Structures are given as C-alpha cells and as structure tokens.
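Asker: Next come the chains, spelled out residue by residue.
2 protein chains.
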Amino acid sequence: MSPATHFPPLVIEQVTPILDGGRYPVKRTVGSRVDVGANIFKDGHDLITARILYRPPGETEWRFAPLHHNYDVDRWFGAFGVERLGRYQYTVEAWPNHFGTYRSELKKRLTAGQDVRAELEVGALLVERHAAQKRPEASHRLLEIAKQLRDQKLALDRRLELVFADDLAAAVYGPLDPEEATRSPLLELLVDRPEAAFAAWYELFPRSQGTVPGVHGTFEDTIQRLPEIAALGFDVIYLPPIHPIGVTHRKGPNNSTTCKPGDVGSPWAIGSREGGHTAVHPELGTLEDFDALVQSAQELGLEIALDFALQCSPDHPWVTEHPDWFFVRPDGSIRYAENPPKKYEDIYPLNFWCADRVGLWNACRDVLLFWIGHGVKTFRVDNPHTKPFAFWEWVIREVGNLHPDVIFLSESFTRPNRMRSLAKLGFNQSYTYFTWKNTASELKEYFRELTQTEMVEYYRPNCFANTPDILHEYLQQGGRPAFRIRLVLAATLAPVYGIYSGFELCERTPVKEGSEEYLDSEKYEIKVRSWNAPGNIKQDIGRLNRIRAENPALQTLPNLRFLASDYEGLLAYHRYAPGNELVVVVNLDPHSMHESMIEMPLEALGIGPEEAYDMADLLTGARYTWRGRRNYVRLDPVERVAHVFRVSRRLS
Amino acid sequence: MSPATHFPPLVIEQVTPILDGGRYPVKRTVGSRVDVGANIFKDGHDLITARILYRPPGETEWRFAPLHHNYDVDRWFGAFGVERLGRYQYTVEAWPNHFGTYRSELKKRLTAGQDVRAELEVGALLVERHAAQKRPEASHRLLEIAKQLRDQKLALDRRLELVFADDLAAAVYGPLDPEEATRSPLLELLVDRPEAAFAAWYELFPRSQGTVPGVHGTFEDTIQRLPEIAALGFDVIYLPPIHPIGVTHRKGPNNSTTCKPGDVGSPWAIGSREGGHTAVHPELGTLEDFDALVQSAQELGLEIALDFALQCSPDHPWVTEHPDWFFVRPDGSIRYAENPPKKYEDIYPLNFWCADRVGLWNACRDVLLFWIGHGVKTFRVDNPHTKPFAFWEWVIREVGNLHPDVIFLSESFTRPNRMRSLAKLGFNQSYTYFTWKNTASELKEYFRELTQTEMVEYYRPNCFANTPDILHEYLQQGGRPAFRIRLVLAATLAPVYGIYSGFELCERTPVKEGSEEYLDSEKYEIKVRSWNAPGNIKQDIGRLNRIRAENPALQTLPNLRFLASDYEGLLAYHRYAPGNELVVVVNLDPHSMHESMIEMPLEALGIGPEEAYDMADLLTGARYTWRGRRNYVRLDPVERVAHVFRVSRRLS
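Line by line, the protein sequences give chains G and C.
Using the working numbering, read the first sequence as starting at 1 and increasing by one per residue.
Using the working numbering, read the second sequence as starting at 1001 and increasing by one per residue.
Fair warning: there could be bad hints in the mix.
Below are the BS3-like pairs computed for lysine-lysine, each with C-alpha atoms no more than 27 Å apart in a straight line [unchecked claim]:
hint: 1; chain 1: G; residue 1: 343; chain 2: C; residue 2: 1108
hint: 2; chain 1: C; residue 1: 1387; chain 2: G; residue 2: 108
hint: 3; chain 1: C; residue 1: 1444; chain 2: C; residue 2: 1512
hint: 4; chain 1: G; residue 1: 387; chain 2: C; residue 2: 1108
hint: 5; chain 1: C; residue 1: 1342; chain 2: G; residue 2: 108
hint: 6; chain 1: C; residue 1: 1342; chain 2: G; residue 2: 107
hint: 7; chain 1: G; residue 1: 343; chain 2: G; residue 2: 437
hint: 8; chain 1: C; residue 1: 1108; chain 2: G; residue 2: 342
hint: 9; chain 1: C; residue 1: 1107; chain 2: G; residue 2: 342
hint: 10; chain 1: C; residue 1: 1343; chain 2: G; residue 2: 108
hint: 11; chain 1: C; residue 1: 1387; chain 2: G; residue 2: 107
Since the hints were made in silico from the structure, they are not lab data.
Quick caveat, the model's predicted, so the values are computed rather than measured.
Full structure from sequences and hints, please.
Answerer: Right, dumping it as structure tokens:
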C-alpha cells in the first residue's frame, strides 16, 4: 500500500450500539434515546474532539451530538434522541483538538512560571490556520484575534485572556484539515413506533365471532365484539388469514384429510376462485366490511393486525396466472407441500428462487402494500423461516421505506439462531418459546436471555400465552389457576404479550392426550362461545392490562431482575422505571398453596435495611407494610396466584 | 433496492475467529490449526453444504476445508492448518445441497413404502442440472447416470443403488448455479513464526558487556557473553538502541541534565554526526562487528532483537537533511520534546503528519529494511503509542509483506484500550502490566484477562520481570526471594517472558525511595558486572528455561487455570497440554513461610477422587505422592519459593 494513501490520524474502535459488526440495524422506538460509546484515541497526549453524527431517514445533512471522554474506562460516551420513524444512520467522528491541546499546555507553562511570549505566536498561527477553514465572516473574526495575539502593544494578560476565552475555543471548533477528521463506519438504526415495543395482543377468528352456532361469523360480528376487547385493555387484534379458502383437498374438522360439505376449511389454505391474498373470504363480508372493521377498531384505540402467510391453496389465482411461481414436477404438475413422507396436498409452496423471482417478490410486496392501503399497519408473518431470509430482509426494508410505521411480527418457532437472525434482519417483533417455559428455572434462564443479553438490541419478544397451535400441557392440566398464572407471567414479564381467544374462558381440551392441539380447533371449524361464561378470567385480564398501561416499569424490556425466594416455585421479580418500582410474585404451582420468604432488592429500591415500606398489591388493592430484606409471601391458587406489588418508601 | 439485485439464498452469520467485525486480523503461528465456526442456515428443511475457503499469502486460488453441522448448538465447525508465514485470507461458503435433500427425502419415502418411480425422474433432472455445471468428462459421466436413472429396463433396485452411491454424491458436489453459493465477508489471519508466541528474552546493554570498569563495552564483548546466555536457555537477546548517541543536551548519570566529558549519554538519544538510525555507535564497533554478533548469536540458537525508537537527537542527520520532518517553531527552530512544563531538549520528536509524510514514512520503513538486511528479524518498538497508530498498521504490513518472519514487540505501557489496539493493528507481541501485578488477586485477574478473553486471538504478552525503566518496589523490598518468585511467575505464567540483565544478580537499588528507576542506571552510564556474583539466581533461570523447553504446557497461552488454595498467597495454577500436566505453586510472600491446602483439578487431570498420583517437582527433582483433591504445600522462601510439579497418574 502506498504511504500516500489517506491514513486516519485517530483510531475509533468498538462503537456501540452495534450488531454483528454493523451487518444489521439495532432497534429503538420513537422518543427513545440512543446511548453511543466508542474507544477513541490518537498517539501522544493531544486532546481529541469527538462527536456523534446521525441523520433521520431521508435526510442528507448530518446532525451532531457531543461525545465526552470518561477517563476511568478510557471510553467516549454520548447520546442522541430519535423522533422519526424509519432507518437512521449514525457514526462517530473525531479529530485532533489542536487548539485545546495548545491551551492546556499554555496553562501548564503559565503555572510553572515559564515565559510564554513566544507561545502566543504559536497560538496566532494556529488561529490563522483555523481561519482558513471557516466561512468569510468567521474567518475574519479569527484573523482579528490572531492579530491581537501578536500585538506586542497589548498587555500580555489581555492577550492570554483572549486565548482562554470560551468563544475562541468555540470559534475554532473543527478539524484543521478535513483529512484530520476520522470517521467510523456507518451504522444503521431502525426506529419503530412505540407499539412495536409495548402492546397487548388479542387473536381471534372472525368466523367465530357470530352468536348462532354453525353460522359463519363476519367482519360485522367482529365489530360487535370490539368494545369488549377494548374494555379489556388490548391494543392489537390479530386475525388469522381473512382470504378466500381453497376447496381442493380442504381440511375437515380436527385436521381431517376428508372434508364434508359445509366444512369451512383452514384459513391458511389461501386462495380460491374468489381470489387470493388481496381478496377477502366472501363469507366474512366484503372489502368494505373489512374497512369498516379497521375503522371501528381505530375509533376504539385498537388496531387490526393481519396474517401474512405466503402459501397458496391449489385454487389460488396465482396457480393459473403464474404456475412458474411454484415448484413444477417433471410431469408438469405443481408440487404440493411435503415433509416426506408427510404430504400437505391442500398447500402449494411458492418457489422464491423461480426464474420470475422479481415478479413473485414484487407481488408479495404488493400484497402488503394493498392491505396497508386498507389501514393495516401490523402483519403477523406466518412461518417466515420457511421462506428465504433474503426475501424478508428485502421486503421489510422496501415496505419500511414507504411506510415506516408498519410492524412485522415473526411467527417462527424454529431454532434459536434462526429466530434471532429473522429478528436481526428486520422483524420488529418475534414470537418466543414462552409457552414452553413453565418452571422457575426455565423462565429465569429464558427471560435473562431475552432481557440481559445483546438480544435486547434487536429482539422484541411477543409472548403469547397460547396460540391456535399451542395449548401447553401446563394449561391442560392446571385448569383455571394455570391460565391465571400464565396470564400474569406474560403480562408482567414481557412488554408485548398476547392471548388467543378462548384463553379467557380457560379452554383446555386437547385433541388427544399428549397433543398441544385443541379439540375441535377453530383452525378447521367455526366456534361460537359464550364470552361471559362462568370461570372466565376477564377480570384478571382487564386489571393486568390497566396495570401495564399505568406502570412504566412494565413497558420496557431490559429492566427485569429475578429475586431470590426460599421456595423457587414462588417466582419473584423486580421491574423498575424511574419512580415506578414493581415486585411481582407468582406461585407457579396451579395445584397447591405455597409460602416463601422473598429477598427484596433493597439497594436497588433505595430502602434502608431496617426501613419499613409499603407494598400495594395492584391486583387486589390490598396494602402491606414490609420491613427489611426478607419478607413472607403465601399464595393459594384457589384464591390468588400472584401479587403485583408497587413498592413505595414511606414519607417519614 | 431492486428485487433484481443478487440475494444470497443462505444466511452465514457469526463467523469465528473474528476481531472487531473483521477490521483486524486474528493471529496464529505456523503449524497451528485455525478452528472456524459459523451459523449457517436457509429457509425450510433443505440440506446445506458448507466449507471454509482459505488461501496462504500471495496465492490467488482458494483451498478448501469442510464444515460440519453440530446439531446441538446449530452451528457449523471446521478447521484448517496454517503452514506459511504472512497474511492468510479465509471466509465461509455455503450452498443448498439439492441432491442431498433429494436423497434424504427419497430415503424417507422408501421407508414409508411410497411408490418412488416418479421420483427417479426428479433425480435424473437434478443430476442433469449438475452435469451442466461440470467440465466435459465429469459432465458426461453424470449424464450417463441420469440416463440410467430413467432407464425403465433397469431394475428399480439397481437405479436406487445408483442414487445412493457415494460417488454420485461426490460427483454432484457444488452449487447448482454459481449464484447459489453464499459467502461471508473475507477475513484476515496473521501467521507468525513460533517464536512470536514462545520465547525467553534477555535484555542487555552492549556497552556494559566489557570487563574493565569505565571502559566502553563493544559488540565483540557482547559476543563473548553469548555462550553464557545461550546456556541459560534464552532465545532472544534484545539490545537497546545501538546507534550513534547525540551530544547536544546529552544526559548525564542518573538522568542529570548536565553532562561531563566522558559521559556516555542515553542510547535513546539517537543520532550524531556519525550517523542516525542506520549507523552503529562507533564505540560499540563497526557494522561488520554487528554482523558478527548476529552471526555468532545465530550459531548459538539465539537471535538479536533491536530497539526501534523513532526519535532523534538534535545531532541526527535527519535534522539537517529533513528539517521538515520535525515540528518547526514560528522562529524556524525545531521543537524539542515537551510534556509541559517538562522539557526534553535532547530529543526531537518526528512530525508524522508533516507535508513530506510519504518521505518520512518510507524512511522509517527503510530503517527496518536496513537492519533486516543485517539479519535482524525482531524489533522491540519503543513507545509506539506516541506515534500514529495508522503508521504502525501501515509499516508492519509493508515490512511483513516482504519479510513475514519479522516480529514487532510493542513497548507500550499506556492505557489498556490503546495497548490492545496496537496489538490488534499488527504488533506480534506486546509488553504487559505484569511488573505491577504482585498480589494473588492482581495476578489472577490480569492473567485471566490475558488468557481467557478475546485477547488470546491477538495479544501475545511478553512478560518482562524487570526493565531498565521498571524496578518494582516488590523487588526492591523483597530481596533475592522476590526475584526468584517473579522469575518463576514470568516463566510459568507466560509463554513469552524476559529479564533485563542485572535481574539475575538481584540488582535492586532505586535511584531514590519511591522510584522505580535504578540507581546509576545503565540508561546513562556503563556498568560492569560480575555475572557469577554470590546470590545470583542463574541456576533458577537455567532450570526454568529448560523446563519451559521440555513442557508444551508452558508454551501456549490459553491453557491456564488458577486453582483454589486455602491461603491465597500461595498462588496455584494448572497449565496443560496433551500428555503434559503441570501444577505450579508459588509463595508470593518473599519474607515468610506459608502453608496451604491446594485444590487439585482432578476432573481435568482425569484422576479419580481417591486415586494416588505422582507429583514430580521439576525444579528440584523431588517426587511426592498425592491423593485426592486437597493436598498440603509448604513453601519457605529462604529455601524455595515455588514448586513446578509435573503431575502423572500411576500405572496400576
């Protein structure tokens, strides 16, 4: 390499936040602060000036935020706020602070009583060099100062006063030569709306929202249910696919491969002669009815999330219009989905690497744009790990460029590295393994990973307590207390959580022993429920959603710390935000009463070892006085499964 | 972004080893193995083929090593060996294994008793597509096989046999389409000769190698000392600067600013009318004498390391030839070194960002090339952190491209982030804070950092027990036992260690109380020593260097684990290599006897809880039988300061 190459005079290393060396963006939400750190140094003892450069999406001019050196850790820190949706860029810039170094050395010389008159000439030259970098007016002012520094008729004290004036330091701010400014590589930051990081979800099948058994529910029926769901405090209503359902190889009840007349089929077998991904199933209503649903939801502060399931029934219009978008067998037929020896003849997978890849990818994107045009801003993506990761990275960026308020939720239950990779490449939220974490040690290990590792920079867990595919054995066997326990855990461990309808009624009959599938699953048939049936836990839901809305401690992810309890099955944890300290204790055993001493985090709470403090149970309104580190808790699931305490110091 | 852009069908993430996202090379030595890991996945269930691509310096063709999937951690692992000096490149490549997926699914279909005849056509087509990617001969063979797969006259079993034959799998190896091959970014790996990672250093001032007090020692005198140093088992002899010493503002004894006639000055004040960085100080001899020294050393298995100190005395030829390479004051004079209010008038710093930067940087490189031409392959770089980091990164790469066997040792005692950065940018070895780590907790914390963190990938500590600048209080006050203790620690904790001459004589008088400088330091005057003076610890040195040479466990860095001892001041640690298990116990207190129970790492040693085993003290030849986890050690510094045990199981 020629030594004439441009070499940076400083080293900028270990910039944070960063993900995989800058390959993927970290995530934040509008209104949040981005804390930046960097190791910055140059040879010798010269002072350095360093700053953050950042720009909101679409802007070309940089904005600036200062970086300050923390001597103890020899690292620079600063922050900037993000106020706009979309992809910010940021980097770190630094240059030698020649004038600062000069001033600092001059001060040392003065302190040591040295003759500094010759040094004023050095200062004058430095000011002149800075003047050459400035616009005419500023340059002129600097040249005037340089002249005064040299002016032997001016008293030495007056000239030194000029050197040490703050306004001179400000006027010479900047590198002496553009080549002296060193920048770290550009990094990207994905800024989402706050709902990406804090929301309560409710999943329902519109066709089951009717009131007459056997009669297909509609969007209009769904509108009727909105006030109840809004009153329970939910933010998002997620609908499984609402598109026409295929008839070829349609599945019957309980996933039967034979189908009787009148069977409604699975909404995930998308497409029929009535249309594909941009059509609505006629039995649900019209597109106008759907628009009305979106509108009604908005009026109640709810938003409608749609399922984005990129697969087709054999009756999907694409099958005839674009047979080349599918896998074609040697005999010219289209290949149905298989996981040999299992066959899924009601589904045709798309060939994302087909010759007309561009056409297919654009069509998939256009499906999203279509529904966005109908007011949908959140998509729950079905099985994204069965489509190319590169496709998701592309389509999320494409859609985000036009509609940065859109949220994509990754419904992927694949292995951890792949789930993380989907989140890194752009999914704004991700499903989790929460349903399978039921013991204290499982929950602690998993939530420490979600909240205390690098994952907080990019992985926003959406903890569903159940889904149409997952009725965990814990719920099947634990009855109503188990549902109450899992609800409290989901709502207080994760800022984003959800339930699938029926959870509030503690529905828990599996299709067979050992299965996590529901008996007579809504995936294949219509269900009509009595939403106020005895034993429902809607009161718990409403209370927890209100507690979540009122307590900032439950609205962010990394502020979770588990507390020691003598009996581990009483899971205790501390969630905190400025002025908002919560301690949650949950009895994980739905069958038996347990009691335990709990270790309170007194230092974190700022409470003295002998001090009395108030514990207000936000679930019941009861108030207790606790004192010291260890305190007694008893929870009988017959009566209550958890305390959600707000801790407060007493005014003395 | 247009969807027509090339998108990779796979994701390759988290490739290791990697340093700062690929910004800096990791380091290895010739003959070592590079273990590579990567997260690799694609959508769906298709199989993947993945491999490492690597190429030695100067080669353009890739070499390959396989990667294998470890299902438990969902990560791919492989390795390649490095046999050549210089900068290797490596990356990871993967593609969908279509034929493997096809075979695996076919096997499942067969197991399930499905009719697979139509599948043979699928296989034939796949083989034909692979054939299109191959050279004529291989292509022809594949087309023949495809024909047979289709041949209805051939028995089904025979055709299936062809599908499952290993040679067909080998013949279709490779992507179906070059675009299907996905590569991670290129990474760099710096391969050094083994001495970069394992060596014993001895520092001496040639002018002090004479035998007559007051008479300037020479290279010839130094040659006379070589056999003794070689017999002690050292590998590298490091000489402070050997260049002409300036006379202007020459320093007198004990760093005095006044100098009397006959005072020899500091070798770091480089340059006089006799020459600069490419000349030798006339009183040491001629360049031919130096060549003879290098030659004599080589014959004894020693190598000579030179100091590379980029600074000039006012009398250096560069000052008159290239005054523009220095900092010029407004009055036209050249600026001497200052750290206001302190002045170092005997030294002119170089201005590495001067207008003729290219000329200066090339001249500095040429100094190195000059000495390399005289057989010097190791440079101890003086205060590299006071010269631009970019200069070092450039010059180390430039020199390494021509002479990849050259080793640069960073003599930097600046703050940790900067010391690490110098190592990352290319220094092959680095000084450490070892001299200031004297308690058990300090040693444990520091050596855990050096051996158990990412630093092992790039930072090779050279643990000097003393230097001409550092005579630690611990040595001053601890007397001979302290020197023996520090010697054992340096020699058995670090694969690369060194002593500065005088250490073997336990020289320990500081210039004044509270100072780490020596009284009558060799930096400013000639010293003549009696190398066999009573109380010397040369026997310890010789034994330890022999133990190091004979025990692979002492030759690598990351294989260090500290052991629990009831009395922490008896520092115990385990060093291991295949078939070579050492346990070292050192009494850190030079003043008092201490005893303690030591916890042996029985699991790591493969020794049963009740089993007896042999402990051979390699320092004394004594043998002990130990049993079980806890064993008793007593060390009286009057007698001995340490055990260096080789542990061996008994043959039963």
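Asker: Checking one constraint from the list: CA of residue 1387/C to CA of residue 107/G, max 27 Å. Satisfied?
Answerer: The given pair, whose Cα atoms are some 24 Å apart, holds under the 27 Å limit.
Asker: Under the criterion that the straight-line Cα-Cα distance not exceed 27 Å, is the pair residue 343/G, residue 1108/C satisfied?
Answerer: 12 Å, holds
Asker: Decide if the proposed pair is consistent with the structure: residue 1387/C and residue 108/G, CA atoms, cutoff 27 Å inclusive.
Answerer: With a Cα-Cα distance of about 23 Å, the restraint between residue 1387/C and residue 108/G holds, given a limit of 27 Å.
Asker: Compare the distance between the alpha carbons of residue 1342/C and residue 107/G with 27 Å, and conclude whether the hinted pair is satisfied.
Answerer: 13 Å, holds
Asker: Holds or violated: residue 343/G with residue 437/G, Cα cutoff 27 Å?
Answerer: 31 Å, violated
Asker: Take a quick look at whether residue 1444/C and residue 1512/C sit within 27 Å of each other, Cα to Cα.
Answerer: 30 Å, violated
Asker: Between the alpha carbons of residue 1108/C and residue 342/G, is the straight-line distance 27 Å or under?
Answerer: 9 Å, holds
Asker: Is residue 1342/C close enough to residue 108/G, meaning Cα to Cα at most 27 Å?
Answerer: 9 Å, holds
Asker: Given the hint that residue 1107/C pairs with residue 342/G, test it: the Cα-Cα distance must not exceed 27 Å.
Answerer: Holds - the C-alpha atoms of residue 342/G and residue 1107/C are around 13 Å apart, at most 27 Å.
Asker: Given the hint that residue 387/G pairs with residue 1108/C, test it: the Cα-Cα distance must not exceed 27 Å.
Answerer: Judged against 27 Å, a Cα distance of about 23 Å means the pair holds.
Asker: Given the hinted pair residue 1343/C and residue 108/G, is their Cα-Cα distance within 27 Å?
Answerer: 12 Å, holds
The earlier numbered hints that this structure contradicts are 3, 7.
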